[in-house]
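Engineer: Read in order, the letters of the sequence shown correspond to residues 1 to 367 in UniProt numbering.
Do not rely on the hints blindly, as some may be mistaken.
To be verified - Below 30 Å or equal to it, Euclidean Cα-Cα: the simulated DSBU-like pairs (lysine-lysine) are:
(1) Lys119 - Lys220
(2) Lys184 - Lys161
(3) Lys119 - Lys20
(4) Lys295 - Lys184
(5) Lys216 - Lys31
(6) Lys119 - Lys337
(7) Lys162 - Lys184
(8) Lys162 - Lys119
(9) Lys337 - Lys81
(10) Lys20 - Lys286
Read the hints as simulated data drawn from the structure, not as lab findings.
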Amino acid sequence: MSEGVSSKTDTVTNTKWILKRRPQGAFDPEKDAGMVSEEMHMATSCGDDEIVIEVDTLSVDAFIRTMLDEEAYHGAIDLGKTIPALGYGKVVYSGKNANKKVGSTVQCMMGAQRFATVKASDAFPKMDLPRMSSTASLGLLGVTTGFTAYAGIFYVCKPPKKGDTVVITAAAGAVGSVAVQLAKSTGARVIGIAGGPRKNQYLIDDLQLDGSVDYKDSTKTVAQQLEETCPNGIDFIYDNVGGQILDDMLLKINPNARVVICGAVSQYNSGKLNKGLVQGPSNYLKLAERGATMKGFNVMQYLHKLPFMLFGMFWLNLRGKVTMNEHIETGIESFPKALNHLFTGASIGKCLVAVKSGNTTADKKKD
């Protein structure tokens, strides 16, 4: 038996999702993604500096959708290639020059599949902290989720303070639901924007926000609801959606307001993102009129703050100030459906896929 093989055989069946077709506008889980299975001989397919990971849990993030287009905002994948996804799992084979032990649990970009072959240098030990769920490394302690929220609230612009009115879009999503709680921890008055009664009830009842805006409300526009929920204007915006909602918020900004641009999920699934057809803010001159600041960011620009974000998130979670709701789909077969949830509004909080058969680390919602 070759060094690194952790089972009775070095041959496994890998099931994975590949990009079958470029999305024609909105992502179509049935037409754009294809599931294939193939035999993997680990001893021959794994390079000396590579490892094979049995995937346990995958993170379902909005950036994945952008990578399916030909000219992608976050970098494109080729047709026929495995759909990207962050996740964690157990090392089951290690190349002779790889520095990862068989049986160790690692985290990295591993793709929507059951077994991932990656360079050992690209994988790092899974982060687990006391009194936090085993899936926290993809949620509250995840780069694309908790740390993205933390950087946007505390580092990109002058952070919210007591007395400020803060408005956060996609507030029932993975990043937004953390961002609203972080903003609340500062003593600010926080308004969340989400779609539908179920999500807005979650914002008020579960996250204890000061108000909410339902962009799907057929009786009132977002602008009208902002007039009601933000009578004294807006001091801080954390935007995840872009489009018309961003325009509506800009009309309400106060002098010296801060506008943090994290994403534009309303544009990701439109087919327009990489064709010069993204809807920009037509009310941007309000920034000049109000002496406001608008700044975009990528969380990778703030990785030097990682120790501070890690401690801050752990401390706030320990005090019950920040929690994470998880929407979990089971089995690799469910990955495209889970990805589509991000754009249909079917999930609240962090969307995960529990890949491994008999998975017990991501089998229920976490508070």
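Engineer: All hints, please: hold or fail.
Structural biologist: Each hint, compared with the structure:
Distance check on the hinted pair: Lys119 and Lys220 sit about 52 Å apart at the alpha-carbon level, beyond 30 Å; violated. Distance hint between Lys184 and Lys161 is fulfilled; the C-alpha atoms sit about 9 Å from each other, no more than 30 Å. A distance of roughly 25 Å separates the Cα atoms of Lys119 and Lys20; the hinted pair therefore holds under the 30 Å criterion. Distance hint between Lys295 and Lys184 is fulfilled; the C-alpha atoms sit about 21 Å from each other, no more than 30 Å.
Among the hinted pairs, Lys216 with Lys31 is consistent with the structure: their alpha-carbon atoms are about 27 Å apart, no more than 30 Å. A threshold of 30 Å between alpha carbons decides the hint, and for Lys119 with Lys337 the separation of about 28 Å falls inside it, so the pair holds. The suggested pairing of Lys162 with Lys184 holds, with an alpha-carbon distance near 9 Å, which does not exceed 30 Å. This hinted pair does not check out: Lys162 and Lys119 have alpha carbons roughly 46 Å apart, beyond 30 Å.
As the CA atoms of Lys337 and Lys81 are separated by approximately 18 Å, the hinted pair is consistent with the 30 Å bound. Pair hint Lys20 plus Lys286 does not hold up; C-alpha atoms about 43 Å apart against a cutoff of 30 Å.
Consistency with the previously given hints fails for numbers 1, 8, 10, ordered from lowest to highest.
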